[in-house]
Every structure is written in C-alpha cells, then in structure tokens.
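Here is how the chains run, residue by residue.
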Amino acid sequence: MVLYTPLWMEEVLKDHDKLTKYKEINYKGIILQVEPSADGKYRVVRIISSNLEDYLNPNIQPGVVLETRY
Amino acid sequence: MSKEEQKPTFPFIDPVLPHQYPSKKGIKKKKGSRANNIKEFGQINIPDSPPNNIHCITIVGQIEGHMVMPPQNKTTKYEHIIPQLVALEQNPTIEGALIILNTVGGDVEAGLAIAEMLVSMSKPIVSLVLGGGHSIGVPIAVAANYSFIAETATMTIHPIRLTGLVIGVPQTYEYLDKMQERVVGFVARHSNIKPERFRELMFRTGELARDIGTILVGNDAVQEGLINEVGGVSKSVAKLKELIDQKKMQSNIQGGMLNGPIHPTVDGRSIKGS
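Respectively, the protein sequence lines represent chains A and B.
In terms of my numbering, the first sequence opens at residue 1 and continues consecutively.
In terms of my numbering, the second sequence opens at residue 71 and continues consecutively.
Rather than coming from a laboratory, the hints here were simulated on the basis of the structure.
C-beta atoms are modelled at their ideal positions from N, C-alpha and C, and glycine is treated no differently.
Mixed in with the good hints, there may be bad ones.
Claimed, not checked - What the simulated footprint calls covered on chain B by chain A, stretch by stretch (three residues with Cβ under 8 Å from a Cβ of chain A suffice, anywhere in the stretch; the number is not a length):
#1 130-143
#2 220-231
To be verified - Calculated lysine-lysine pairs in the BS3-like style (CA-CA distance at most 25 Å, straight line):
#3 K144(B) / K41(A)
#4 K248(B) / K23(A)
#5 K264(B) / K248(B)
#6 K23(A) / K144(B)
Bound-form chain A, shown alone (with noise of 0.2 Å):
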C-alpha cells in the first residue's frame, strides 16, 4: 500500500497500535458512526450518508444519544 499525503508517516501511524473507540451502525439503512456509552447507548458521531436529508433528520444529529435495545 502506497499513501500519497503531504502529512508525515508519523502523524499519520501515531497510535497505530490502539483500537477506535466508535463503530458503526445501520439506522434504518443509513451508516452511522457512533460511540458506545457505558451504558449501552449509542451517541452518533458521524453521519454516513449522501443523502441530504438525512443530515437534517434530527433524531441522528451528531450528539444525539439513540435509545438503545438490549
């Protein structure tokens, strides 16, 4: 693998060894990125889209904890 990016190699692979603390999750058929909570909940992070509307809907706004079932 090849990166072409003006950054430095190590920026880029600091941390490399440590696991991302969001995952990603299909809200009715839209990708979201969210992070997981203690308590079970999901807080969205990043919408997944290019859907317009979807970045409006404001049940997945950024910041916006989904109720969870478990």
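Chain A is fixed; fit chain B onto it per the hints.
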C-alpha cells in the same frame, strides 16, 4: 392495533419516527438534543426541506483504503464512498452529485478508485475543494465534470515519496514512479494541465518547508488549469443544476435513450475554464 401503531423493528435502536415526535415527550426530547448539539458540537438543527434530486458526498481527512488507519486519523473509507456512488448512478430520482473535498490525501489506490468511479458516472458531478484537496485529493477533484475551489483552499502537489510514507513491502523506485505516473496521467487526462507541467509542480523546490512540491491556493489551481473555477457552495450547486438541465435537454434530443457525455469534450478531455 392499527398499522400506524406498529413500530418498525430494528436490532438495536428504538427510533422516534417523524410522525411520533409532535407529542409532548418528543418535543421535549428534541429540545434537549438541540441544546446538547450546541453544547457538544456547536451545531443547531436546521428546518426540514423539500426532497431534492442532488446528493452530496464529503471526502474528509485521510482517504482510507487497503489499510485501516490508526484511530487519531479522521478518515473517509472507500468502502463507504464506492457503494454510495453506485447507488447514485442507479437511483433514477438522483440527478447529480456534489463532491466536497477537504482531504489530506491518503491511499493512492483508494483515491484513484474513487476518481475513476466519478469519471465513469453518467450523472453530472461537480466537485468543490474547501480547505484542502492535497495529494490524492487532486485526481478526485479533477475527476468531476466541473470543479470548483474556494478562494482560500489549497492543493498540495508533491511526489509520491521514496522514503517516509511507504509502508510494508520493500518498494523500488520504478514501482513508485509507476504509481506516480498513474496519478500524473489521470490528472492530465481529466484537467487542462499538461503532464510535464504537473510533474514540474510536483518536483519544485523552495516552496514547501520540509518537502519538494507546490502549494496551489484557490486561483493558482484555476490558472494552472487543474480546477475550472473559484467558487463556493452556491456556485457549485448552480453549476450542478445547469449540468443536470443540460443533460436533460441532451437526452430529450436523443430521445431519452442515451447517457452521453454531459460536458463538452475534445478528444475525450473536458474543455476547462469555459
């Protein structure tokens, strides 16, 4: 009882459906989330808009390809972008797409894959470089039918390095050179810059503090023929609508049968700066 009362089931999440939230509880919740948004992300909720025919893909941070990036990188993954592009291509209600770039480059193969996807789409694509469209962001920006760059946005053009950013297997100079030729060739084919000029910008000394290469700011990128025009969101959306209308007219003339090129071309190369 009635169908309306049945909530759709989903493995993890119990969503509040749009027709459910005008209850007192729902409104309270919405207000809470709004306050939370402002507190956490500095964002506010925007009122609903009518459905539209344009989709938007943002390419931010590192372009992540064959290798998972360490967690401190903000990334755009090609496994997200590529299916989105396929969906855009086949969905008849979507007529065009806006690609917003603010990227520091990343995986060469993933970047070129996205760029090739954009080039081969039959629907009008407009790209807008905001902030930065560096390294492998350059081919993605030029892959659109029409490209814009914000006045203050920058594009860094530099060689694919022999040392430093090569990870994994031992690489030979020839291998990197080939990689670089793929990028130079693609950019030259899909913009107005000559390959010799692009290579010249790549290897220029004295502009970057710790590297060789060139930083093109807004208008410089337009003058070099890489980008079509300096502009922002309103110009990009207006251009996209124009291209959509143009394509509709063209397909009307052709009896609505063909998905021909929607941008005037000479020998397959788009006419830039028109």
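**Message:** When I compare C-beta atoms, does the stretch 220-231 of chain B have three or more residues closer than 8 Å to chain A?
**Reply:** holds (count 3)
**Message:** What's the verdict on K264(B) and K248(B), does the C-alpha distance respect the 25 Å limit or exceed it?
**Reply:** holds, 18 Å
**Message:** Is the coverage entry for the stretch 130-143 of chain B by chain A consistent with the three-residue Cβ rule at 8 Å?
**Reply:** With 9 residues in contact (Cβ-Cβ under 8 Å with chain A), the coverage given for the stretch 130-143 of chain B holds.
**Item:** Hinted pair K144(B) and K41(A), Cα distance within 25 Å
**Value:** holds, 23 Å
**Asked** Is K248(B) close enough to K23(A), meaning Cα to Cα at most 25 Å?
**Response** Roughly 36 Å separates the two Cα atoms, so the pair is violated.
**Prompt:** When you check the alpha-carbon spacing of K23(A) and K144(B), does it fall within 25 Å?
**Reply:** holds, 14 Å
Against the hints set out earlier in the document, a violation occurs for number 4 only.
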